[in-house]
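S.K.: Listed here are the chains, written in short residue letters.
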Amino acid sequence: MPRPMAPVETSSAKTKVAVRNLNFFYGRVQALHEISIEIPERIVMAFIGPSGCGKSTFLRTLNRMNDVIPGTRVGGEVLIDDHDIYAPGTDVVDLRRRVGMVFQKSNPFPKSIFDNVAYGLRINRVTSSGSELEGRVEQALKDAALWNEVKDRLKTSALSLSGGQQQRLCIARALAIRPEVLLMDEPASALDPIATSKIEELIFDLKKQYTIVIVTHNMQQAARVSDRTAFFLLGKLIEVNATEKIFTAPSVKTTEDYITGRFG
Amino acid sequence: MAASFTNIDRIRRANSAFMTTLTGLCTLLAVGALIIILGHIAWQGIGSLNWQFLIDRPRPVGEGGGIGNAIVGSLLLLLISSVFGLPLGICVGIYLSEIGRGRFGDAVRFIVDTLTGIPSIVTGVFVYAIIVVPTKHFSALAGGVALAMIMIPIVARTTEEMLKLVPHSLREGALALGAPQWRVILGVVVPAAAPGIATGAMLAIARVSGETAPLLFTAFGSRFFPESLNQPIASLTVQIYNYAISPFDEWHAQAWAATLVLMTLVLGINIMVRFLTRKKF
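Protein chains in written order, with the numbering used here: chain A, 1 to 264; chain B, 1001 to 1281.
The set of hints was computed from the structure by calculation and includes no laboratory data. Beta carbons are placed, not taken as given, at the ideal position from N, Cα and C, and that holds for glycine. Warning: the hint list may mix true and false statements.
[As the list claims (entries may be wrong)] Taking lysine to any residue and the SDA-like style, the derived pairs with C-alpha atoms no more than 25 Å apart in a straight line are: (1) A:Lys155 / B:Ala1194; (2) A:Lys155 / B:Arg1278; (3) A:Lys111 / B:Val1190; (4) B:Lys1164 / A:Ser157; (5) A:Lys111 / B:Thr1158; (6) A:Lys105 / B:Val1166; (7) A:Lys155 / B:Gly1196; (8) A:Lys155 / B:Pro1167; (9) B:Lys1164 / B:Leu1115; (10) A:Lys155 / B:Val1166.
[To be verified] Computed far set for chain B versus chain A, every beta-carbon distance over 10 Å: (11) Asn1007; (12) Ala1206; (13) Ala1244.
If we strip away everything but chain B, and leave its shape as in the complex, we get:
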């Protein structure tokens, strides 16, 4: 009897060790892939990275130039898309969590879920049709709207999930004090979920900052610093695309450097999110 128990024990321990090693290897593979990507980008891009590169606008081959206007353009596009996308997305999230019940709420949730999966190029073509064609030119505004349309479903879903995490007892406590429902939502539930909602918003911004396809037919791209929202505007992603498919080595090097800058931007946002939402209250 004792011998068979020891055998079972040995098999169990061997199994456990095997699975632990296996999951460890998978983790190393996944994390390693990320580190290799980041490392390769840094190695390739660091050579062309200098202060002039960051503040100058693109110049013809052989004259150097930089991505200054693309950085400004990307930030401007993120700003426009946040102004449109975040309030709308958060409000949809509040509706789904607090107000929308029954069939209509389920239908809205289904539509939002579907919208998160729409390929971004389709969104770009859609905004091309509804803004660029009537106004007869590419514009930063169109680019911002396209990014906002990608942002809204993501922000709506994360907002809803965060609001659902607020315990029901808090809502009951506020209702029992004679608060109408809108006060309960705005004064108690949303503030309680605020760190989570902010995280979701910033992650949506980070996600959208890497979009290229929707900007191709809306913001289009430019060689100049932005002067108005009704004109085409450069962005890091489109600039990288244009440089990468060009036949010039000098521009390839600049594409690598721009990629490094973009990755730093995205990483920076993610790290800032982590830092700002560390536990306080």
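Same shape as in the complex, but just chain A:
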């Protein structure tokens, strides 16, 4: 007996990211086919799908991180706040300031905890005074739920932290420059369950301020954390809808097969 569904709310929220007919090539191999999707602001959007379906590749097109890989080609449009980020003359450095990214394996710099979080602030010359910088670093670490654990040892090496703490440090580092969109590529896949649940709580808090796109291969995580979910397969977007609807009454059979574990 299907329970009544809440109506899908898309029109009320403003669209932050709009992708139109995106095609992506690694050399001759086409990795993404005609992807079109709209991501409203201040929600958590999850990308799910089996390994190799292109969800990480697609995530990386949103802040043009694929530009650093030689031989890649992009067709179509990615509009953030109605500006196509692939238009010639786009300031990619500024784009990456506005669209932050947290990677699957935490990658803190071999510097102190403070210098890690301050790095983005320093290079973007966000603050000039020392006390203002310290204030921003403290705020970022609090936002990432790491402040209490490290406040007494900000000058020690970031590499001395545990895996979960390092990942939260990377999140703090990304949040310090106050991006508008936060992209998270399987942020908890290398972490134990307790650290994972801390990250998930964090995401829940963060979506009040940021638009978050999270790639995850863990469907339960997607169901717990996200408002909307997009299912990818073999480089194509199969279905996108409110999370509740995707996981209880998906419209496409392939989605249902994936959700119920028939493949992937």
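For this one, chain A is given, so just place chain B on it according to the hints.
M.R.: Leaving out everything else, chain B in the frame of chain A:
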């Protein structure tokens, strides 16, 4: 069945013991050769080594004298060559690792590799042609440039290798924060590789401190303490050469002592490199 397994086992163990002994003997041979060389130098040289020897300049046979000016000269030449060679070498290394891609980068890498193999006397003759001949005199500057030209390819390659060891995820992390590429390189990648780059630089200095041939036609040698960079200058290596081929026993003894000093200098640099780059961060 069980008997044949035991046999195979026995053969395998005998093989393993044989190879272990063989590699052990080879190691002893190699290390032993080094120890014999060092020991012989120390034994031969220690007799003539005294404080006066280290601070005095060479004097005619029978009047004693020392290698003070050669020590100062060698250090000065190392300084000049480092000033020219290290920045250039490190920059080439950064280019090869971070920026140069495709055919041009491959061509540069090939040229650098070839340059590491050029005989040092050829470098000396080259610098003779481009600096000594136009300026019409030997000089410390020419000697420093010759040593720098030997240093640059070595430093470039070790710098490149060290930069390549920095994990790509660090570069991506910095790029994702809105850093332009030059900031990523200078602010994250090079500092992360800094201990390795410093090791490479110091090893290049140690290597170059033992060069004799390129100095023969550039710095030439001198009996006096250096006063200007535009004059010929003494160096430990050339001094040892001059003393060793002379017909005087007294100078042979001084050559041995100078060799001991040079070996100590090189060993000292190597040990300092090891000490300074022990794991910290």
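S.K.: Hints first: check each against the structure and report whether it holds.
M.R.: Hint check:
no.	hint	result
1	A:Lys155 / B:Ala1194	holds (19 Å)
2	A:Lys155 / B:Arg1278	holds (20 Å)
3	A:Lys111 / B:Val1190	holds (12 Å)
4	B:Lys1164 / A:Ser157	holds (22 Å)
5	A:Lys111 / B:Thr1158	holds (23 Å)
6	A:Lys105 / B:Val1166	holds (15 Å)
7	A:Lys155 / B:Gly1196	holds (23 Å)
8	A:Lys155 / B:Pro1167	holds (23 Å)
9	B:Lys1164 / B:Leu1115	holds (21 Å)
10	A:Lys155 / B:Val1166	holds (22 Å)
11	Asn1007	holds (48 Å)
12	Ala1206	holds (26 Å)
13	Ala1244	holds (48 Å)
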